[in-house]
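S.K.: Listed below, chain by chain, are the residues.
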Amino acid sequence: MTHDASATQPPALEMRGITKRYPGVVANDHIDLDVRRGEIHALLGENGAGKTTLMNVLYGLARPDEGRILLDGEPVQIAGPADAIARGISMVHQHFMLIPVLSVAENVILGSETMAGPVFVDRAEASRRIGELARRFGFDLDPDARVSSLSVGLQQRVEILKALYRETRILVLDEPTAVLTPQETEEIFALLRRLADDGRSIIFISHKLYEVLEVADRITVIRRGKVIGERKPSETTEGELAELMVGREVELTVDRGTSHPGQRMLRVEDLRVADDRRHEAVPGVSFDIRAGEILGVAGVAGNGQDELVEAIVGLRKPLGGRVTLEGLDVTGFSPRRMNEAGVGYVPADRHRFGLILAFPVYDNLVLTSYYRPPFARGFIREDDAILDSARAQVERFDIRTPGVEVPTATLSGGNQQKVIVAREFDRPLKLLVLDQPTRGLDVGSIEFIHRQVIAKRDAGTAVLLVSAELDEVLEISDRIVVMYRGRMVAELDGRTADKSDVGLYMATGQREAVPAGDEARS
Amino acid sequence: MNAIPEALNALPVLGIVFQFLGYVVGNLSFMSQTTVAVAVPIALAALCGAVCERSGVVNIGLEGIMLTAAFTGWMVGVAAVGILGRSDPLPVFGITPPLLIGVAAAIGIGMLVSLLHAWLSISARIDQIIGGTIINIGAVGITGYLYHLVANQSLIGAGSFKPLSVPKEVADFPLVGWLANAVLSQGPIGIVTIILVVFLQVMLFRSRWGLRTRAAGEHPRAAETVGIDVIRLRYLNVVMAGALAALAGAWLSMEHGSKFDANMTAGRGFIGLAAMIVGRWTPVGAFGAALLFASATALSASLTISPPTGDLGDLMARVPGEFWEALPYIITIVVLAGLIGRSIAPAADGQPYERESAT
Amino acid sequence: MARRFLDGKVLQSLAEPVAAIVFALLAGGIGIALFSAYVPGHSAFDVGLPIQAYQSLIGGFASANGITSTLVYATPLALAGLGVAIGFRAGLFNIGGRGQFLIGAVGAMAVVTWIGRDAGPWITIPLALLVGAALGGFAGFIPGLLKATSGAHEVVTTIMLNYVFLFVMAWSVLGPLTLPGAPQPITVDVSMRNGALPILLGPNGLIDFGRGGHVGLLIALAAVPIMWFLLFRTTIGFEIRAAGANPDAARYGGMKTRRLIVLTMTLAGFMCGLAGATTLLGVVHEMTPGYDTTIGFDAITVALLGRSNPIGVGLAALLLGAMRAGSQAMQIQAGVPAELVDALQAIILLFLVVNVLRRIMASRRRRPGSAAPAQAAAMPATGGAA
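Line by line, the protein sequences are chains A, E and L.
Mind the numbering: the first sequence is residues 1 to 522 in this note's numbering, read in order.
Mind the numbering: the second sequence is residues 1001 to 1359 in this note's numbering, read in order.
Mind the numbering: the third sequence is residues 2001 to 2386 in this note's numbering, read in order.
The set of hints was computed from the structure by calculation and includes no laboratory data.
Backbone N, C-alpha and C define an ideal beta-carbon position, used for all residues, glycine too.
Any given hint could turn out to be false.
Said to hold, decoys possible - Which residues of chain A face chain E? A few of them, derived with a C-beta cut under 7 Å, are:
id: 1; residue: Pro81
id: 2; residue: Glu113
id: 3; residue: Val119
id: 4; residue: Phe120
id: 5; residue: Val443
Extracted from the complex, chain A is given alone in its bound form (with noise of 0.2 Å):
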């Protein structure tokens, strides 16, 4: 249902020829963005498109080094968030910007604080006002529970009670639905239509196609830091939009050529893991992996993945089950153990579990390795080893870098993973486990990941890929999995599965959409 909303006022938020520069990079270039009184205005785009730094220059976290801004047909100057809000511009960020050890009502009223006289908080009458405004937008709220024990979806609600309970006259919310179950996701699109039915301007970030043409009243679709065009949902299907997101451009994509498995590799039966908050965020799964083979395993990112990667190589215990190596008991084997058996492993978390940046690449490119010939005899570093090494290393795959003596952290990312890449993939893995491989990189570096994953398989490994990038786990998975609440609930082909099939699947469970109300929440 769209909304044609006045035009005749004039419009709500004008940004004219805002443009933005970063060392390196143009990340707004000459964007015009018009959103009237009432719209619900898409910006659509890629990862990395400039979508969020333009609402950044809107709400004052970034100063244009070009452009103005009008609101109401008035031209401002907006010096930080706290201008921004004062003028009416309340912004939900990508991350959630809540305090966990707060409670719901200070969070909501932080930096604008109801007060019973000068120097107290009025606790009372800031939690009946968050209790009304909840529920008046349908949605139940205790505003003196503690954050941290929230789900996702409630936070959610959270972060956008903080723009309520201010004077908003434009609400800008960047990927709002990551997060959430398609039911969640139904509520927050009929809370933002009531919105802006109440006069707001709401101005949604996002590069999901379906949502945009469900929610949005007009689409602004930008590419590389430039406005590609501007359309209305009536006016447009998904496949013109994914054009301009994307551009004419060929895409690079890897032929994942045919897989010959042979005998079972990774067996895990029932594996239970516990998260770092105590519960159990893996509350048992089963899934086998044979040698030459690609087991994708799609899913929302915090569905337990991560979790069930971390126990498989080593870096948590699990709270119980079994996990097999060609026959061998690997459970609760430490993180170097499942290393000498032949188990290599790329972390979603590089810079916290994949390279020590401060470290030059040599020292990271043996990171595993440092302790055993040929780079150590007994306690001393055989130093010419290493260097050797690491320099046919660099060659071998391709890693721009200076030389191998600087320190890791001046490489570009892509450069970092592919550090991370011939440190675990050099060698005959029987398990190659990757945890959101290609994540922030660059086309040329995916496409490189890609390519040295699907050599890995062709010499007989067992590859096990998460990611929450559901086009990567159609592209070069054998089998696909779906991870959901901790537990995989659909399993697939890899050449033939559907992606809405698979989009269904990790956003419900299930395979058909569930009616709203109908799912127990828990």
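Following the hints, put chains E and L in place on chain A, whose structure we already have.
M.R.: Quick look at chains E and L alone, frame taken from chain A:
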């Protein structure tokens, strides 16, 4: 009535425990008074540390601030006496103008040194523990140097504040008289400290300042996105907290004692940090922990002044005096080791914050 | 490996400490002039006083006696500094040098007191040094273990232990180690019990040069390259540095980070205990209940100045040793208190930690892309933030 305690005291092992309890009760007035007094500098240091760390800044240097303030307060007091001459102290607290000027100077220098620490931590963004250690080294060096220069001159200081004299009726009040006596028979800085503990507790958890401070220490980026100036808030808090540590220094050289000695802080600042951790970064908790640590010192003082008799006395006589002096420090370690695993500092504690909007 | 690019890096690494020292001397000079009225025989704001002070400071360590004095001062500084530096590399702050030094002295004294007379110097001295160092190691082990198991922050625990060991030392001097029949409480004189370290440089020593240069300085001289080798050429050293730089990645690499914490703190304590033992057997020879040391903070200064690199630590120890050697002369000749050196330490460190940042911020404006290494280099090579 006496038969029961006597019987208890005569039990083989438990008897010692009961004798000990009896001793404590018997010396309650002295011990409680001393405990509160000794706790004052520790509590002030803990309060300083808590305010800083709640805002997200680690302040190891508060021992140095204490020392510098102790020296400055005393020296300025000497200068004030030189200029103004001795005057009659007021009946309450023994206040004289030089003493007041000395305290003001101590607070002033404390805030100045804190400003340095704030700049190092917030703007220069160096490792905050190293910054604090540098301040400590500097304090020892500079006060040592200056003290050496003036030590051989016979200097007339401003003296010291006097504790309140609590009326006998209050002290003898059944059951709680000793408590009132302990709390009230303190000097002005001591009384101010107790008030500050309550004040800061209320402010930290009920006021807007407190909410914003806690936000800045937990998730500075989130605070920034709702319009709070985290940098400015941290600067303000660290400098204000410096006044607290400075008061502790003033207590040392102008209330507890009446002059400066080299290194007179004797690790109280660090015990204060431990008290802050044990007290879970809350003012009231920190004060409680400070009392705990102070009680060891009070106990050792009491044992020296009025040694116990009987089995307990024999036992105590065999324990070397140095043990009692070391006891507060040992207790600190034991408590820290037992509790730390489970207590959580403010999430952004010690992490320098870089503003996004500067670009 | 390190040698190949040592030349370019060394120059760069030296520039900042040298700049810090120069600026600190200037600031110190201003400070001296500011309070010159309090120095007998000088008027207020006497600019000649700092010049006089620095002259006598340099003169103090530039003579034969001064050089041996410098080496003697530098010995415990190097040993303890190496201990603190290796802690920094692992991301640990060992502020317990004072207590570890004192307990090391106690250990050495105990050995000499009990077996010195009968066992002769060849057994007594090495054993005393070993026991002293071992006790220091134990003194480091405790906070290390506490940190590894309960997370108790080593800054507070090591400082608390300083006081505990201070009292333990006082008790032992007054008790088991006391010299019977002495008018004041004091221990035996180790030179009477085959416990004194032989003199290398001195009137009665191997080489007639200066005074008091005991064998301990050879130990310190050997310790520097040994530590360097340990840290940069062995797998253990790699693990220590890795644990300090990124404990999570280290854990993935198979390193046992908790064990490394305990090991490093024990080693740090060992070095500081060794410093205490050598100072006792080489210089002081006996202890009173009031025996104390400033080694705790001095070692931190030396470790930071030396950027936690053993070679740098050795050089920094020589520098600080020279300053201390000269400070006596400065106090006598110019009347400026020797505590100036303590104050200068702090000022040098201040300029050091800030200078680095300043320079990098200035170059950031010229080369905007280098943000990442700027942050990495901002730490004065402590190996890990708090």
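S.K.: Hint by hint, say whether it matches the structure.
M.R.: Going through the hints against the structure:
Interface restraint check for Pro81/A: the shortest CB-CB distance to chain E comes to about 5 Å, inside 7 Å, so the restraint holds. Hint status for Glu113/A relative to chain E: holds, with the closest Cβ pair at about 5 Å, below 7 Å. With 7 Å as the threshold, the beta carbon of Val119/A comes within range of chain E, its nearest partner Cβ sitting at about 5 Å, so the hint holds. This hint holds: Phe120/A has a C-beta 5 Å from the nearest C-beta of chain E, less than the 7 Å allowed.
At a threshold of 7 Å, the smallest CB-CB gap from Val443/A to chain E is about 26 Å, leaving the interface hint violated.
Violated hint for the displayed structure: number 5, the only one.
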